[in-house]
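A.B. asks: Here is what each chain is made of, one letter per residue.
4 protein chains.
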Amino acid sequence: MLTGTQIANFQVEPNWSHGLQFTPRWGEIDTYGHVNHGAYFVWCEEVRIAYFKTLGEPPFSPDSPGPVIRDIGFEYMRAVSPTDEVLVTGRVTWIRRSSFRMEYAAWTDGLVGRGHATCIWYINNMKATAPLPDDLRRKIIALDGSEDRTTPKND
Amino acid sequence: MLTGTQIANFQVEPNWSHGLQFTPRWGEIDTYGHVNHGAYFVWCEEVRIAYFKTLGEPPFSPDSPGPVIRDIGFEYMRAVSPTDEVLVTGRVTWIRRSSFRMEYAAWTDGLVGRGHATCIWYINNMKATAPLPDDLRRKIIALDGSEDRTTPKND
Amino acid sequence: MLTGTQIANFQVEPNWSHGLQFTPRWGEIDTYGHVNHGAYFVWCEEVRIAYFKTLGEPPFSPDSPGPVIRDIGFEYMRAVSPTDEVLVTGRVTWIRRSSFRMEYAAWTDGLVGRGHATCIWYINNMKATAPLPDDLRRKIIALDGSEDRTTPKND
Amino acid sequence: MLTGTQIANFQVEPNWSHGLQFTPRWGEIDTYGHVNHGAYFVWCEEVRIAYFKTLGEPPFSPDSPGPVIRDIGFEYMRAVSPTDEVLVTGRVTWIRRSSFRMEYAAWTDGLVGRGHATCIWYINNMKATAPLPDDLRRKIIALDGSEDRTTPKND
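Chains as they are written, first to last, in this note's numbering: chain P, 1 to 155; chain C, 1 to 155; chain D, 1 to 155; chain L, 1 to 155.
Since the hints were derived computationally from the structure, they do not count as laboratory data. Predicted, not measured: the structure shown is a model, and the values here were computed from it. Watch out, some of these pointers could steer you wrong.
Covered by chain C, per the in silico footprint, the following chain L stretches (three or more residues, Cβ under 8 Å) [unchecked claim]: (1) 25-35; (2) 99-105.
Quick list of simulated restraints, FRET-style, between CB atoms [to be verified]: (3) C:Asp-134 to D:Gly-56: 27 to 37 Å; (4) L:Asn-9 to D:Gly-145: 29 to 39 Å; (5) C:Thr-23 to D:Thr-83: 25 to 35 Å; (6) D:Thr-5 to C:Asp-109: 50 to 60 Å; (7) D:Ile-141 to P:Asn-15: 26 to 36 Å; (8) P:Asn-15 to D:Gly-145: 43 to 53 Å; (9) L:Asp-135 to D:Gln-21: 20 to 30 Å; (10) D:Met-1 to C:Glu-85: 42 to 52 Å.
Which chain D residues stay away from chain P? Per the calculated CB distances, all over 12 Å, these [stated by the list, open to error]: (11) Thr-3; (12) Gly-4; (13) Asn-9; (14) Glu-28; (15) Ile-29; (16) Thr-31; (17) Glu-45; (18) Glu-46; (19) Ala-79; (20) Ser-81; (21) Ile-123.
Beta carbons are placed, not taken as given, at the ideal position from N, Cα and C, and that holds for glycine.
Can you make the complete structure from the sequences, with help from the hints?
C.D. replies: This is the structure in structure tokens:
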């Protein structure tokens, strides 16, 4: 959960509850001297995994259901320099029977980038989708006010 | 430039001229046993850099103009396994005075994913955009039939 | 600087003053389900950079002196699992005019691995070694009790 | 297997039979403008995996035996620039019942670095070592002239 100090220091806008703080690594700075665009996807991945851990889910493994990316994107609004501390926040905006959309934002002294991922709830070893458990769904909606798009038919 | 063999083996659809072949690395396979979604962005980055090298541009550096990502995205249509060989193709679909859009596609035995990036032509050390050189613009349009969206005003 | 809590929780042995804590990232776990051996080098790199930052050095850049690796190694004593928190410590064991040796150790509930790097103090853009500044040398020796191997002749 | 052209172009010294060629990736170049020391470990990993593939071993997985790193190191003799093509060679110098030592060398126009890894043959899901299969042992020795250190007692 974000703290009041984090929200103030990084100037996080309302409606974000979850996030992780990152110090750019040497290997995340590229020849141009700024954080490489790929680092944000690694950070979002960590935010996504921590999100489910925070909600009480066990660690993801190949033989139990977990999120698999269907599509993902990121928009870079300002370059992040090696000395910036970065907060990356994540929230679920909608949820279906076995998929959901997560949005991300990156903050230093205000917003520097934002992204999104559509994920399916998937058992890798079985190559099969699985429904999101009801209690997990309830916790997500309670945390983020996510739109519940579940219908009997859709995924 | 793609060879006829590559086009046949990977079942590449028409209108792609440029690409690179990748063998998934051990570090690109994640706990789920498939290629991690982040690897595709690394591959697209290599395709983008090779694209400009192929067109005769010098290596990119902090004090000369080169592409910086404004936004980027990827859609995953099928998982890629550790033993798949992957061809990633890239082409410029439109070009403005100092920005362009590149599209990507990943192929094993047919299409397995596709992506895009909007890039600005940018001098990192000066924190300033630069116009794409005319001869580079001409070569891009000659190669990919890119739409020329240059106007006196826009970027 | 390590805290008493870190020293107790990770069961750190005496004579380590500096370190950073890491939560293994999803991308650092490989197909085998444990932390990939390469992640430790990334962690040691972050520990090394933070070490100099802690001693008051400015961020490293291509045109000012900084550490460049001459040789590096790591020994893995126990596998680290995705749910382990890892503390990586670093200290300088000897220092010459323009080179030094850093040792590393990784801890979860006791020692899980150890490594070392010999670094030269080097200006990348000039392709030239530089002497370690005297005040930096003094701070290193004060922190770690490093052996001073400086002689008029050696590097 | 190395080709005569590779051996000539990269000025490879005698007694290396196996290797892979790498074009440094954008993400492998760090702020200093040269290939980061960590990239060599990724390249050695690929060389190691390709070595066993070349000898007919199936892809490594958590529930079958494969190489796990006990210790690893690398010595950097010359910096590699973004425009260098790099050949990394690997060979097994000795082999025991369930462990072996692999040596590596990196070449551009001659030797630029060398490394080594001691590996155990290990089933990750069982957390147990396994003996190297006899036919694999024979193929390794036939390829590299590796010293056979197998005794009834040792590992």
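A.B. asks: Sort out which numbered hints this structure fails and list those numbers smallest first.
C.D. replies: 2, 3, 4, 7, 9, 14, 15, 16, 17, 18, 20
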